[in-house]
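Taken in sequence, the protein lines are chains W and Z. Counting in my numbering, the first sequence runs from 6 upward without gaps. Counting in my numbering, the second sequence runs from 298 upward without gaps.
Incorrect hints may have been included.
[To be verified] In silico DSS-like cross-links for lysine-lysine, where the CA-CA straight-line distance does not exceed 30 Å:
| no. | chain 1 | residue 1 | chain 2 | residue 2 |
| --- | --- | --- | --- | --- |
| 1 | W | 117 | W | 77 |
| 2 | Z | 557 | W | 117 |
| 3 | W | 77 | Z | 611 |
| 4 | W | 77 | Z | 355 |
| 5 | Z | 600 | W | 113 |
| 6 | W | 96 | Z | 611 |
| 7 | W | 155 | Z | 611 |
| 8 | W | 96 | Z | 600 |
It is worth saying that the hints were derived from the structure and are not from the lab.
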Amino acid sequence: MHYVALAVVVLVLLVLGIFALPGRGAKAQQTPPPAATAPEPKPLAMCYDVSALPAASEYVCPKCGEKTDYKKPDRVIDAIPACRREVAAMKPLTKLRLTLDESACCAKCMPKSPGPSLSLDIHFLDGSKRTVRNVTHNDLKQLREFLAGKLSAEKFAKQSKSFAEAIPAINKALEAERKSLGLDQPAKKTKESPATNESLPKTPEGPRP
Amino acid sequence: MIQRRLAPSFLPTTGVLELTYRCNHRCLFCSCPWENDAGTFARREELSTDQWRDVLSKLCAMGVANLAFTGGEPLLRDDLTALVRHAASCQTEHVETIDGQLESRFGPPRLYLLSNGRLVDDAILTLCKQENVQLSMSLPGLETFEEHTGHDGADGVLARFARAKALGLETVANITVTRLNLHELDRTISAALLAGAHQILLNRFLPGGRGLRHTDRLSLAREQLVEMLDTAERVLDVAGRFGSLGTEVPKCLVDASRYKRLSVSTRCSAAVGFFVIGPSGHARVCNHSPVQLTHFSELESLKTNDYWRRFTQKQYLPEACGECGERFACDAGCREAAHIATGQVDGLDPLLLPVSAHKKPSRDP
Chain W
6 MHYVALAVVV LVLLVLGIFA LPGRGAKAQQ TPPPAATAPE PKPLAMCYDV SALPAASEYV
66 CPKCGEKTDY KKPDRVIDAI PACRREVAAM KPLTKLRLTL DESACCAKCM PKSPGPSLSL
126 DIHFLDGSKR TVRNVTHNDL KQLREFLAGK LSAEKFAKQS KSFAEAIPAI NKALEAERKS
186 LGLDQPAKKT KESPATNESL PKTPEGPRP
Chain Z
298 MIQRRLAPSF LPTTGVLELT YRCNHRCLFC SCPWENDAGT FARREELSTD QWRDVLSKLC
358 AMGVANLAFT GGEPLLRDDL TALVRHAASC QTEHVETIDG QLESRFGPPR LYLLSNGRLV
418 DDAILTLCKQ ENVQLSMSLP GLETFEEHTG HDGADGVLAR FARAKALGLE TVANITVTRL
478 NLHELDRTIS AALLAGAHQI LLNRFLPGGR GLRHTDRLSL AREQLVEMLD TAERVLDVAG
538 RFGSLGTEVP KCLVDASRYK RLSVSTRCSA AVGFFVIGPS GHARVCNHSP VQLTHFSELE
598 SLKTNDYWRR FTQKQYLPEA CGECGERFAC DAGCREAAHI ATGQVDGLDP LLLPVSAHKK
658 PSRDP
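Let the sequences and hints guide you as you build the complete structure.
Listed below in structure tokens is the structure:
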């Protein structure tokens with residue numbers, strides 16, 4: 006009797022299994038292969054695509070030309086190209102000379118640095134210099150918006166702790182700059198925007214030839 | 298816990314070795330700078346076997362962990378097997394991040410062989426198998442293969458993908474996409490995968506080398522670039538496979554996040570992820586670059602070379618990108634293609650230029 010019951014159960018399971026097969030097949034086709042088979046997106050393109058993914062965050066020092074490897078990912082190191090471009094983008098906005106000090110990132114230039122960090126040196130027109138330490142890409146983005154008249158000093162100070170102390174001096178220098186240009190009235194304030202990537206001017210259709 | 302360390306050298310971790318100027322194909326799209334009609338790229342004497350051995354040993358000692366043999370056609374060098382075996386016998390430092398820590402280990406470099414496939418035989422496939430070499434073969438179309446390469450041979454390349462698979466080798470099908478073969482891209486990718494290629498590598502045609510003669514016929518328009526990516530994504534999705542685009546694209550032209558099967562990058566890796574040693578032993582920032590820098594015996598001088606530094610520091614964004622919100626995550630396409638097309642490293646990528654605006658080649662600076 007037991008054998009008969011077992012045979013019936015097996016038969017029922019088999020039938021259910023067979024009827025379930027087409028459904029499973031269809032599902033399998035819709036299901037993407039396991040994520041493990043998908044290669045990690047490559048941050049850099051290369052025609053031959055032979056470079057294995059960088060297994061470290063690499064920093065090449067602009068002063069000495071040497072390379073320092075960091076564990077991957079590294080928030081500071083990975084943001085350096087963007088920070089450099091921010092500083093370059095500020096040049097047309099002010100007569101203040103702004104330089105990014107990356108020396109703490111270089112194991113050769115500063116072997117005893119506790120870790121990677123960026124500083125911004127602000128060279129005022131009177132020859133004095135102020136260094137703002139531990140600046141991030143976001144800090145620099147806000148400084149650029151501030152210099153462009155898109156962000157008020159108050160809001161800038163509120164949003165960027167690194168720059169909070171330096172803002173009065175920068176503001177004073179900018180006022181002197183405006184006076185020297187015969188622009189005694191403060192620049193017309195444009196509509197303030199949150200300091201996010203989306204707030205930056207975009208050219209959605211890209212640069213035109 | 299090691300969080301950082303001075304790298305074995307300043308060099309990128311991948312070295313591309315152009316073993317010879319010679320080639321047994323005459324590809325319309327060939328971007329090798331020495332194939333430039335204007336003769337603006339000086340062909341010097343090719344390195345000897347011993348000199349290439351020196352290059353391999355030196356690069357491994359400097360922490361170059363990936364070595365790619367190419368040309369020209371590298372299989373035209375009689376000493377290719379000896380050079381591959383020498384490279385495989387070298388030790389180099391592989392730096393890795395494991396569980397949030399920086400670790401390094403010594404071992405042979407990862408090896409790659411990039412060929413047009415015509416001379417690939419069982420001996421080469423066995424060499425690749427023995428020395429763990431990843432083999433890439435070029436397949437620029439099926440019905441347009443002969444028009445592109447000057448030789449009828451798509452079936453031969455497909456047969457070699459199949460043979461490689463039978464021997465347990467993983468291969469890459471390298472497809473340069475032009476205006477002439479875009480219409481058959483779906484079939485080309487499908488044929489390569491069905492034959493046994495493990496991965497697909499697409500490159501959009503870039504002006505340079507012999508290709509400068511055919512820029513009008515081969516250059517993709519912006520909408521054709523998107524068509525290329527969409528086609529590849531669709532075929533790879535159906536096949537359940539993955540691929541990548543070798544040439545960076547401007548972010549304003551392509552939304553890379555749309556592609557799940559195809560890895561599309563907007564950043565350039567010249568002098569950062571890889572560099573090139575040409576047939577005469579002179580370094581360049583990438584394979585497209587028409588600018589020969591220092592000889593391999595003086596590689597250290599690259600650290601102070603302005604051209605090299607411009608690439609390592611990524612100081613090459615076109616002025617037109619000045620206010621673009623994407624300029625912090627984009628290198629505005631291929632910088633050397635822009636250099637060739639406009640005469641300026643910070644010029645516009647050819648995709649952003651009408652073909653008629655491309656500059657005629659001039660001598661190296």
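Can the restraint linking residue 77(W) and residue 355(Z) be considered satisfied, given a maximum Cα separation of 30 Å?
Roughly 26 Å between the alpha carbons, so the hint for residue 77(W) and residue 355(Z) holds.
Would you check the hint for residue 600(Z) and residue 113(W), treating anything up to 30 Å between C-alpha atoms as holding?
holds (14 Å)
30 Å limit on alpha-carbon distance, applied to hinted pair residue 557(Z) and residue 117(W):
violated (42 Å)
Given pair status - residue 600(Z), residue 96(W), alpha carbons within 30 Å:
Distance of about 26 Å is within 30 Å: holds.
Holds or violated: residue 77(W) and residue 611(Z), Cα atoms, limit 30 Å.
holds (20 Å)
Hey, residue 96(W) versus residue 611(Z), does the alpha-carbon distance stay inside 30 Å?
Holds: residue 96(W) and residue 611(Z) sit about 17 Å apart, inside 30 Å.
Run the distance test for residue 155(W) versus residue 611(Z): straight-line Cα separation, threshold 30 Å.
holds (27 Å)
Straight-line Cα separation of residue 117(W) and residue 77(W) no greater than 30 Å?
holds (20 Å)
Hint 2 from the list above is the single one not met by this structure.
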